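**Q** Here are the chains, one letter per residue:
Protein chains: 2
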Amino acid sequence: MRLSRFFLPILRDAPADAQIVSHRYMLRAGMVRQASAGIYSWLPLGLLVLKKIEQIVREEQDRAGAVEMLMPTIQSADLWRESGRYQDYGKEMLRIQDRHKREMLYGPTNEELITDIFRYSIQSYRDLPMNLYHIQWKFRDEIRPRFGVMRGREFYMKDAYSFALGYAAAVHAYNQMFVSYLRTFARMGLQAIPLRAETGPIGGNLSHEFIILAETGESAVYCHKDLLDLDISTTSVDYDGDLQSVVDYWTDLYAAADEKHDPDTCPVAPEDLVEAKGIEVGHIFYFGSKYSEPMGAVVSGPDGKEVPVEMGSYGIGVSRLVGGIIEASHDDDGIVWPEAVAPFDVGLINLKASDEACAVACESLYGKLLAAGRSCLYDDKDDSAGTKFARMDLIGLPWQLIVGPRRLRTGMVELKNRKTGERVEISPESALSRLIDQQIG
Amino acid sequence: MRLSRFFLPILRDAPADAQIVSHRYMLRAGMVRQASAGIYSWLPLGLLVLKKIEQIVREEQDRAGAVEMLMPTIQSADLWRESGRYQDYGKEMLRIQDRHKREMLYGPTNEELITDIFRYSIQSYRDLPMNLYHIQWKFRDEIRPRFGVMRGREFYMKDAYSFALGYAAAVHAYNQMFVSYLRTFARMGLQAIPLRAETGPIGGNLSHEFIILAETGESAVYCHKDLLDLDISTTSVDYDGDLQSVVDYWTDLYAAADEKHDPDTCPVAPEDLVEAKGIEVGHIFYFGSKYSEPMGAVVSGPDGKEVPVEMGSYGIGVSRLVGGIIEASHDDDGIVWPEAVAPFDVGLINLKASDEACAVACESLYGKLLAAGRSCLYDDKDDSAGTKFARMDLIGLPWQLIVGPRRLRTGMVELKNRKTGERVEISPESALSRLIDQQIG
Chain A
1 MRLSRFFLPI LRDAPADAQI VSHRYMLRAG MVRQASAGIY SWLPLGLLVL
51 KKIEQIVREE QDRAGAVEML MPTIQSADLW RESGRYQDYG KEMLRIQDRH
101 KREMLYGPTN EELITDIFRY SIQSYRDLPM NLYHIQWKFR DEIRPRFGVM
151 RGREFYMKDA YSFALGYAAA VHAYNQMFVS YLRTFARMGL QAIPLRAETG
201 PIGGNLSHEF IILAETGESA VYCHKDLLDL DISTTSVDYD GDLQSVVDYW
251 TDLYAAADEK HDPDTCPVAP EDLVEAKGIE VGHIFYFGSK YSEPMGAVVS
301 GPDGKEVPVE MGSYGIGVSR LVGGIIEASH DDDGIVWPEA VAPFDVGLIN
351 LKASDEACAV ACESLYGKLL AAGRSCLYDD KDDSAGTKFA RMDLIGLPWQ
401 LIVGPRRLRT GMVELKNRKT GERVEISPES ALSRLIDQQI G
Chain B
1 MRLSRFFLPI LRDAPADAQI VSHRYMLRAG MVRQASAGIY SWLPLGLLVL
51 KKIEQIVREE QDRAGAVEML MPTIQSADLW RESGRYQDYG KEMLRIQDRH
101 KREMLYGPTN EELITDIFRY SIQSYRDLPM NLYHIQWKFR DEIRPRFGVM
151 RGREFYMKDA YSFALGYAAA VHAYNQMFVS YLRTFARMGL QAIPLRAETG
201 PIGGNLSHEF IILAETGESA VYCHKDLLDL DISTTSVDYD GDLQSVVDYW
251 TDLYAAADEK HDPDTCPVAP EDLVEAKGIE VGHIFYFGSK YSEPMGAVVS
301 GPDGKEVPVE MGSYGIGVSR LVGGIIEASH DDDGIVWPEA VAPFDVGLIN
351 LKASDEACAV ACESLYGKLL AAGRSCLYDD KDDSAGTKFA RMDLIGLPWQ
401 LIVGPRRLRT GMVELKNRKT GERVEISPES ALSRLIDQQI G
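Protein chains in written order, with this note's numbering: chain A, 1 to 441; chain B, 1 to 441.
The hints are simulated quantities; they were obtained by calculation from the structure and are not laboratory data.
Hints may be right or wrong, so weigh each one.
The list cannot tell twin chains apart, which means a pair is met if one copy fits it or any two copies do.
[Unchecked claim] Straight-line alpha carbon distances no greater than 30 Å define the calculated DSS-like cross-link-like pairs of lysine-lysine that follow:
1. K305 <-> K352
2. K101 <-> K419
3. K305 <-> K388
4. K52 <-> K277
5. K305 <-> K381
6. K91 <-> K101
Fair warning: this is a prediction, and the values are worked out from it, not measured in the lab.
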């Protein structure tokens with residue numbers, strides 16, 4: 001993408017009400033713009049990151065055997081009356097009357113709607129287990145939206161719903177999501193910690209939150225320090241095999257959310273206990289027949305008798321992760337994207353757009369990067385070098401390829417790693433070879 | 001995808017209120033399920049088609065130079081008061097009060113919101129022209145939703161918005177979208193007819209509807225019969241070059257919507273006039289400064305003076321197209337997907353799942369198709385041959401690869417073309433070669 005044809009409205013200063021670094025950088029880097037309180041437009045740079053994260057989430061859901069579908073944003077209140085949650089949900093639910101005075105709502109979650117689809121579609125245990133997910137906008141009418149996309153009102157979420165016959169199969173479905181969540185976050189460069197958690201308004205009796213550590217997080221984390229050193233990426237996973245041992249490995253060490261932590265009974269020695277703040281990026285629930293029973297989602301079992309299915313639900317905050325990743329990866333100059341979620345792999349800077357040699361060299365580099373499947377933002381604009389450097393640092397692409405007239409006369413360009421700050425003088429061919437052959441990104 | 005792990009709830013009969021063939025087939029084939037009046041859940045098979053169509057739309061928008069972003073579904077009423085449309089829009093607008101009693105709405109279109117983004121981001125003509133698009137759910141509270149996804153209330157739409165300095169540049173942006181629309185629909189196997197149209201509630205003075213012919217369509221079409229033979233796919237397009245000649249070629253022949261057609265002044269001889277019904281799948285508008293002037297979206301021109309930008313907007317009904325394509329391509333047995341939008345390239349039918357030779361042959365074919373980048377729905381279920389054939393015909397994948405025990409003993413399988421009905425007995429190797437090397441899909 002040529003910057004001259006892109007839409008990247010950089011702000012010099014973030015609004016004063018942007019309190020945390022991810023919110024400030026997302027506004028300054030032209031990733032989002034607030035449309036109204038807690039509701040954001042995703043500008044092109046922000047949307048690219050959102051889509052990268054969405055795609056990683058999708059691939060790991062598919063890998064774990066979940067099947068994608070898409071439920072609508074607007075739901076009928078009737079279903080929520082069946083489950084008994086219509087009144088319980090309180091003012092966070094955005095309630096709507098349509099032109100025929102029917103009571104509708106903007107879905108904050110989808111247990112009722114998916115259970116309705118299930119009960120009309122599946123009658124036999126032979127069609128189980130099943131896990132259906134969708135990635136869709138949700139709305140929760142927060143009384144005080146804050147922290148940009150981290151606690152917005154309209155937010156993008158992956159939610160999966162598993163259906164199984166019996167407790168053991170339901171726990172296997174739960175374990176599949178548990179393990180896939182660790183892998184999902186690891187692919188984004190995040191170390192997520194699973195915490196035993198309360199089930200809250202979703203209900204049920206088994207639940208884990210997935211937290212990434214960040215000083216600006218709103219969740220308290222208490223865990224054994226060794227948990228921070230575990231690495232999921234070295235674990236090979238067979239989702240049809242025994243997952244309990246993997247889950248046990250990750251849950252044997254103490255880790256609890258605020259409401260589950262009691263200093264008096266905590267088994268961890270004080271010197272081994274980490275007390276920190278974190279951001280909740282995922283939450284999984286096993287809740288048995290809490291919805292299937294009142295809503296009549298039953299299957300006939302092997303013995304011909306009807307039994308309610310056992311369900312779980314599994315959420316990932318896709319739009320929140322954009323902010324969460326920035327909280328975890330930035331410096332004083334701006335964002336530092338992990339390669340897997342970067343909006344472009346490479347930022348190509350033409351230091352003097354009016355110089356013909358620079359333009360020719362940049363066009364060649366740009367064409368070759370694209371032809372090799374690398375995404376590239378080519379800064380072809382007529383701005384000062386200082387403006388270009390600051391802008392490219394702010395938006396945080398992993399690699400900067402810098403072409404200036406003086407260095408180019410000696411046949412060289414500069415390659416900068418955004419994370420380490422390391423700069424090397426290098427020939428264009430060697431730069432391409434490093435950016436393409438080494439399979440960055 | 002193995003059918004045993006997919007979610008494909010086939011219905012024997014469609015509900016009686018499904019009046020048109022696309023609605024009936026989408027329900028029967030397990031593509032969608034109604035959540036409430038005019039609001040649908042997209043089940044896995046339907047979502048695959050929706051995403052294929054969305055991706056074609058995206059690629060052709062990108063090719064024409066538009067830049068993708070994403071605006072939220074919920075908007076503030078304040079912006080619509082600035083443009084004067086808040087009252088005009090009537091009961092089709094879903095109006096919402098949030099917990100703080102602020103007036104909000106579920107966006108039926110986005111002229112106001114994009115103009116708001118523009119006015120805060122762009123100050124100089126040097127940053128023009130610009131065309132921003134998004135693909136997002138919209139809501140129009142139709143008094144009588146009908147025809148399934150063709151006239152739903154919550155629907156998926158691509159809408160683009162162009163900004164230019166002066167009339168000539170604005171018309172060039174309009175022409176870019178005009179030409180890209182023809183290409184977009186052609187890639188889906190559709191012959192779209194551009195009709196001169198009224199501008200309606202969007203406003204402005206230049207507008208074309210894009211219509212595909214279908215007996216069940218709600219739009220009247222009057223056009224010269226030769227227009228039906230024009231072919232966009234043979235036209236190579238330079239979006240930065242002169243597009244007026246391409247647009248002229250497509251608009252020289254008479255073509256008018258109902259409200260623009262007057263039999264008394266129609267220049268086409270009766271024997272050359274086609275009078276037909278069609279489905280509106282796209283609509284483009286040039287409306288100058290209708291929104292930029294009241295909302296203060298101005299840029300400083302080359303002379304330093306501030307002028308309102310000239311705008312256009314351009315919509316494609318992404319979810320409606322799913323129904324529209326079925327209306328245009330089906331037979332008595334079910335849907336006949338054009339290859340470009342088919343949910344899977346190949347349906348692999350194992351006629352006897354319990355037969356070991358069949359299972360081994362199918363696993364091998366399935367693995368090789370996937371490895372070659374072909375998508376495949378593998379019917380590995382334990383159903384009767386009749387059930388399997390009927391189901392595969394209903395869901396309309398372009399190719400069926402049929403493996404049965406008797407034929408397999410002679411080293412052969414069957415390959416069926418869904419559209420022509422042609423079946424050939426063929427070796428598995430030759431079948432793979434036809435499905436892979438010939439670059440179907």
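**Q** So, for every hint listed, does it hold in this structure?
**A** Hints and how they fare:
no., hint, verdict
1, K305 <-> K352, "between (77 Å within a copy, 28 Å between copies)"
2, K101 <-> K419, "neither (55 Å within a copy, 46 Å between copies)"
3, K305 <-> K388, "between (69 Å within a copy, 28 Å between copies)"
4, K52 <-> K277, "within (26 Å within a copy, 42 Å between copies)"
5, K305 <-> K381, "between (70 Å within a copy, 23 Å between copies)"
6, K91 <-> K101, "both (19 Å within a copy, 12 Å between copies)"
Violation of the numbered hints given earlier is confined to hint 2; every other hint is satisfied by the structure.
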